[in-house]
Amino acid sequence: MEEAASKPKISKIVFVFTVTLAVWLLFTWPFAPVNWAMIIAGSLVSLVSGIVLGGLATLHPVKGLNPVRYFWGGCYVFALAWWVMVANLDVAFRVLHPDVPINPGIVKVKTELKSESAKTALANSITLTPGTMTVDISDEGYLYVHWINVSSTEVEEATREVVGRFEWLLRRIFE
Amino acid sequence: MIEFALSLLTLSAFLCLFRIGSGPTPADRMVGIDILGILVVGFCALFAVITDRAFYLNIALAWGLLSFIGTTALAKHLEGKKFDE
Amino acid sequence: MSEIAGYAIIIIGALFNLFGCIGLIRLPDVYNRLQGSTKCVTLGTCSILLGVLIGSGVGPTGMKALAAIVFIAITAPTAAHALSRGAHKSGIPLWEGSVVDKYEEEK
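Protein sequence lines correspond, in order, to chains A, B and C. Heads up, the first sequence stops at 381 in the numbering used here, and the numbers go up one at a time, no gaps. Heads up, the second sequence stops at 154 in the numbering used here, and the numbers go up one at a time, no gaps. Heads up, the third sequence stops at 1588 in the numbering used here, and the numbers go up one at a time, no gaps.
The set of hints was computed from the structure by calculation and includes no laboratory data. Among the hints, a few may not be true.
Said to hold, decoys possible - Derived DSS-like pairs (lysine-lysine); straight-line CA-CA distance at most 30 Å:
#1 Lys-314/A <-> Lys-1570/C
#2 Lys-145/B <-> Lys-314/A
#3 Lys-314/A <-> Lys-150/B
#4 Lys-325/A <-> Lys-151/B
#5 Lys-150/B <-> Lys-325/A
#6 Lys-1570/C <-> Lys-316/A
#7 Lys-320/A <-> Lys-145/B
#8 Lys-314/A <-> Lys-151/B
#9 Lys-316/A <-> Lys-145/B
#10 Lys-145/B <-> Lys-325/A
#11 Lys-150/B <-> Lys-316/A
#12 Lys-1570/C <-> Lys-218/A
#13 Lys-150/B <-> Lys-1570/C
#14 Lys-1570/C <-> Lys-151/B
#15 Lys-1570/C <-> Lys-145/B
Said to hold, decoys possible - Stretches of chain C that chain B covers, calculated by requiring three or more beta carbons in the stretch to come under 8 Å of a beta carbon on chain B:
#16 1497-1510
#17 1533-1541
#18 1545-1554
#19 1558-1569
#20 1572-1582
Stated by the list, open to error - Which stretches of chain B does chain C cover? Using the computed rule of at least three CB atoms under 8 Å from a CB of chain C, they are:
#21 76-82
#22 98-111
#23 117-127
#24 138-145
Yeah, the Cβ is synthetic: ideal placement off N, Cα and C, and Gly gets one too.
Next up, chain A with everything else stripped away, as it sits in the complex (with noise of 0.2 Å):
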């Protein structure tokens, strides 16, 4: 890790400097005068930001490439919306509900994922989705999760009902 944030390579310099770039160019949106200065100032300021923080992208360039990558990245979209309307509905319910019926517990799961990159969007993932929130993650793939209305303390039981839901869209996208 400390040689890679030291030297980084030429593919995640590009890969930083594209998408800082794009951001960029989405901030200042109306293109219709074409504004040299704003262009050529912001590639410049990519430039220097991918040279200075290419290495500690953890993202592998070359499989940004991929465009099946991109086909599940959107049906992933379209499940987190689902999925976090679900848990609106449900948050709302018990908030709303004269008793507050929660039975809340820390469990732990089990994932299989391996790259960094995908065990963070898992881990978000697992924030916004109903009754669940991510407290803790172990070196050896363990998530430590806490449901507000447990209904198995298990790891096998729990790690299909919480973590069943995303992790075959994330290892289509990130692996």
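Once you have looked at the hints, place chains B and C on chain A.
Chains B and C in isolation, oriented as in the chain A frame:
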């Protein structure tokens, strides 16, 4: 219409302030600060609609960024670590 | 037409923000509060910004709203994760009605 949404958001902000003032543990107050930071982004978006100016969304983006960094720093402090660990 | 749809989505988002903050008051301990309020406020603020995007169409306002949606959806769960981990490490116990705490058992 927009005024109704603004009043709902104001009510939410007062509930957050209640939690920040009365939270029994420090972590409760930090949760209130985090949620209030995200609510301010919503306020900025509504002001952008009311005044029809785009620059309020620049404020919203910068506020979201700073609120995230502040919450992370507070969480590190809660964990009992220095900021460079 | 698109303005009316945008206003409707903004009102729905503001309602979910209110539900999240009611959860902040009513739920019993810091983990449950963090869980309920983060979910609801993330969706609420994202749909307010989506309403701005739909109401204003493609332009400087809409593009900045889109960037803010992506940004909030990434950072809000991460902040919740950091806060809950910090709260557990600093020794704040779970609510007395909690069923299980595997994290405490295996530390």
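So, going through the hints one by one against the coordinates:
Between Lys-314/A and Lys-1570/C the CA atoms are separated by roughly 17 Å; this keeps the pair inside 30 Å, and the hint holds. Pair hint Lys-145/B plus Lys-314/A holds up; C-alpha atoms about 23 Å apart against a cutoff of 30 Å. As the CA atoms of Lys-314/A and Lys-150/B are separated by approximately 25 Å, the hinted pair is consistent with the 30 Å bound. The hinted pair formed by Lys-325/A and Lys-151/B meets the criterion: a straight-line CA distance of about 25 Å does not exceed 30 Å.
Among the hinted pairs, Lys-150/B with Lys-325/A is consistent with the structure: their alpha-carbon atoms are about 24 Å apart, no more than 30 Å. Taking the CA atoms of Lys-1570/C and Lys-316/A, the gap is near 21 Å; set against the 30 Å cutoff, the hint holds. As the CA atoms of Lys-320/A and Lys-145/B are separated by approximately 26 Å, the hinted pair is consistent with the 30 Å bound. Restraint check: the Cα-Cα separation between Lys-314/A and Lys-151/B comes to about 28 Å, which is no more than 30 Å; the hinted pair holds.
Restraint check: the Cα-Cα separation between Lys-316/A and Lys-145/B comes to about 26 Å, which is no more than 30 Å; the hinted pair holds. The hinted pair formed by Lys-145/B and Lys-325/A meets the criterion: a straight-line CA distance of about 21 Å does not exceed 30 Å. Note on Lys-150/B and Lys-316/A: the hinted pairing holds, with a Cα-Cα distance of about 27 Å set against a maximum of 30 Å. Distance restraint check for Lys-1570/C and Lys-218/A: the Cα-Cα separation of roughly 35 Å exceeds the 30 Å cut-off, and the hinted pair is therefore not satisfied.
Our distance criterion of 30 Å between C-alpha atoms is met by Lys-150/B and Lys-1570/C, whose separation comes to about 10 Å. Annotation: proposed proximity of Lys-1570/C to Lys-151/B holds, straight-line Cα distance about 14 Å (limit 30 Å). Under the criterion of a C-alpha separation no larger than 30 Å, the hint pairing Lys-1570/C with Lys-145/B is consistent with the structure, at around 10 Å. With 7 residues having a beta carbon nearer than 8 Å to a beta carbon of chain B, the stretch 1497-1510 of chain C meets the requirement of three or more and the stated coverage holds.
Residue count for the stretch 1533-1541 of chain C with a Cβ under 8 Å from a Cβ of chain B: 5. That meets the three needed, and the coverage hint holds. Restraint check on the stretch 1545-1554 of chain C versus chain B: 6 residues with Cβ-Cβ distances below 8 Å, three needed, restraint holds. Coverage of the stretch 1558-1569 of chain C by chain B holds in this model, with 8 residues showing a Cβ closer than 8 Å to a Cβ of that chain against a need of three. Only residues whose C-beta sits within less than 8 Å of a C-beta in chain B count toward coverage, and the stretch 1572-1582 of chain C has 1 of them, not enough to reach three; the restraint is violated.
With 5 residues having a beta carbon nearer than 8 Å to a beta carbon of chain C, the stretch 76-82 of chain B meets the requirement of three or more and the stated coverage holds. Evaluation of the coverage hint for the stretch 98-111 of chain B: fulfilled, as 9 residues show C-beta separations to chain C shorter than 8 Å, against a requirement of three. Counting residues of the stretch 117-127 of chain B whose beta carbon lies closer than 8 Å to any beta carbon of chain C gives 5, which reaches the threshold of three, so the coverage claim holds. Against chain C, the stretch 138-145 of chain B contributes 5 residues with a C-beta closer than 8 Å to a partner C-beta. That satisfies the three-residue criterion, and the hint holds.
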